[in-house]
Every structure is written in structure tokens, then in C-alpha cells.
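K.L.:
These are the residues of each chain, in order.
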Amino acid sequence: AQSVTQLDSQVPVFEEAPVELRCNYSSSVSVYLFWYVQYPNQGLQLLLKYLSGSTLVKGINGFEAEFNKSQTSFHLRKPSVHISDTAEYFCAVRTRSNTGNQFYFGTGTSLTVIP
Amino acid sequence: DTGVSQNPRHKITKRGQNVTFRCDPISEHNRLYWYRQTLGQGPEFLTYFQNEAQLEKSRLLSDRFSAERPKGSFSTLEIQRTEQGDSAMYLCASSLGRNSNQPQHFGDGTRLSIL
Numbered sequence: 001a002q003s004v005t006q007l008d009s010q011v012p013v014f015e016e017a018p019v020e021l022r023c024n025y026s027s028s029v030s031v032y033l034f035w036y037v038q039y040p041n042q043g044l045q046l047l048l049k050y051l052s053g054s055t056l057v058k059g060i061n062g063f064e065a066e067f068n069k070s071q072t073s074f075h076l077r078k079p080s081v082h083i084s085d086t087a088e089y090f091c092a093v094r095t096r097s098n099t100g101n102q103f104y105f106g107t108g109t110s111l112t113v114i115p
Numbered sequence: 001d002t003g004v005s006q007n008p009r010h011k012i013t014k015r016g017q018n019v020t021f022r023c024d025p026i027s028e029h030n031r032l033y034w035y036r037q038t039l040g041q042g043p044e045f046l047t048y049f050q051n052e053a054q055l056e057k058s059r060l061l062s063d064r065f066s067a068e069r070p071k072g073s074f075s076t077l078e079i080q081r082t083e084q085g086d087s088a089m090y091l092c093a094s095s096l097g098r099n100s101n102q103p104q105h106f107g108d109g110t111r112l113s114i115l
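Respectively, the protein sequence lines represent chains F and P. Per our numbering, residue 1 is the first one in the first sequence, and the count goes up by one each step. Per our numbering, residue 1 is the first one in the second sequence, and the count goes up by one each step.
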């Protein structure tokens, strides 16, 4: 079975400061990893994904994430946040097989950017 | 931009009533997913279609829940005899292809409130 842990439920950060949102996963098989962002009353939008290759993945809006297999982590980072980054962020995993169709989501991290 | 469309956006109903939600996926996407999201939680998988075939159902999907995708295009999710615990955001997502590395594209969801 797969599971995703986002230890930080809320992260306040000042505008233009760096931020890291943590994600750890557990799985008995290889997985694909994703980060999604959700703005109030909206669905989820894909920020970035790790499928294979380079462990540092760059996404939209200046976000990046690094896959660390030994630590089973996929932390999301941004060097300088903006007010518009205030949202809920979800880490998700999928198994690397055609039978593993569903995503397993973490409980989310609420990022609040303070002016 | 013809993304995933969900209707209605909000539904308020009395306990015991039946409700039906509709999801129109991105037109060329053959896979369609339903998730439920409660406050402070990540989306939880409910069910998955590949074309018109319902291939996976979560244990969360009780007998009161039924989903269809009759022509392999739009899908409906029906909840019969609604209960207070059914109050949640119901999210639909779609993806293309046979591989599990394809990201899912989410609609804005239907928020269900049971009085």
C-alpha cells in the first residue's frame, strides 16, 4: 500500500522569503510523484511531477522539488514566494504500473504568504 | 480552454434526498476519476473509469454511491439517501493514455452540503 505524509499542516512565510513544503511517502513499489496546488473553491492544478531521470524537477510558478529515494521524500521548494502563492499544496503518489491508477494524496499543507 | 467541467458547483439538500453530479472530462481523455475531499484532507479516491468501463472502486464507495460513464465521455456520480457524512467536495479528474505517469487534470469540484 502507498501512503503520503505531509507533516506541516500550515506554513506561514513572509513575502519574498524561501519556503520548503515537506512530503514523505511510503510504498513497496516504485512510484511517480506529483505536487498539486489548490486555490479556494477550485480543483487541483499540477505544479510539477517526477517520473524518472534528474531528481530535481522544475515546475510552474517558480516551484521545484527534489526526489530523494533513500529518504523517500519529495519536498517542494521556492526561493522567493509571492502573495499569490497562498494556497493549499498537496503531494501525491501513483504506482509505476498500469494497474495503479489512483493517486494517493497527502493531507495538504496550507501555505500563507504574509505581506 | 476546455478543461474538466463539473456541475453543479454547489448542491445543498436535505438528508435522505438523492443527488447527482455530472463531470465532463477533457474531450480526448479516456480515463476519468472521482475523488471526495473533506475539509482539511487531501482528495480520497472513489472510483475510476477507462472509457465506459468502471475498473476500480474504493471501499469508501458505499452501496448508496453509484457512478456511470455510459458513452465513455461524461460521467455521473449519484448518491442515494444522503447522510450528513456525505457533505464534502466531490472532485472529478481525467487523464489521457495507458500509462500511469500521466497527470490527472481536475475540475473545480461540486461542493455538497447536507442539511
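Be careful, since some hints might not be right.
[As the list claims (entries may be wrong)] Pair by pair, the computed Cβ-Cβ distance ranges are:
| # | chain 1 | residue 1 | chain 2 | residue 2 | range |
| --- | --- | --- | --- | --- | --- |
| 1 | F | Ser80 | P | Glu68 | 31 to 39 Å |
| 2 | F | Asp8 | P | Asn7 | 45 to 53 Å |
| 3 | F | Val29 | P | Glu28 | 26 to 34 Å |
[Unchecked claim] Where chain F lies over chain P, by a calculated footprint (3+ residues, C-beta under 8 Å):
| # | region |
| --- | --- |
| 4 | 16-30 |
| 5 | 37-44 |
Source of the hints: derived by calculation from the structure; they are not laboratory data. Every residue gets a Cβ at the ideal spot worked out from N, C-alpha and C, and that includes glycine.
K.L.:
Run every hint past the structure and note whether it holds.
P.N.:
Taking the hints in turn, this is what the structure says about them:
1. F/Ser80 x P/Glu68: 31 to 39 Å: Violated, since F/Ser80 and P/Glu68 (Cβ atoms, about 47 Å apart) do not stay within the stated range.
2. F/Asp8 x P/Asn7: 45 to 53 Å: Cβ of F/Asp8 to Cβ of P/Asn7: about 34 Å, so the range 45 to 53 Å is violated.
3. F/Val29 x P/Glu28: 26 to 34 Å: Holds, at about 29 Å.
4. 16-30: Since three or more residues must qualify, the claim that chain F covers the region 16-30 of chain P is violated, with 0 doing so at under 8 Å.
5. 37-44: holds (count 5)
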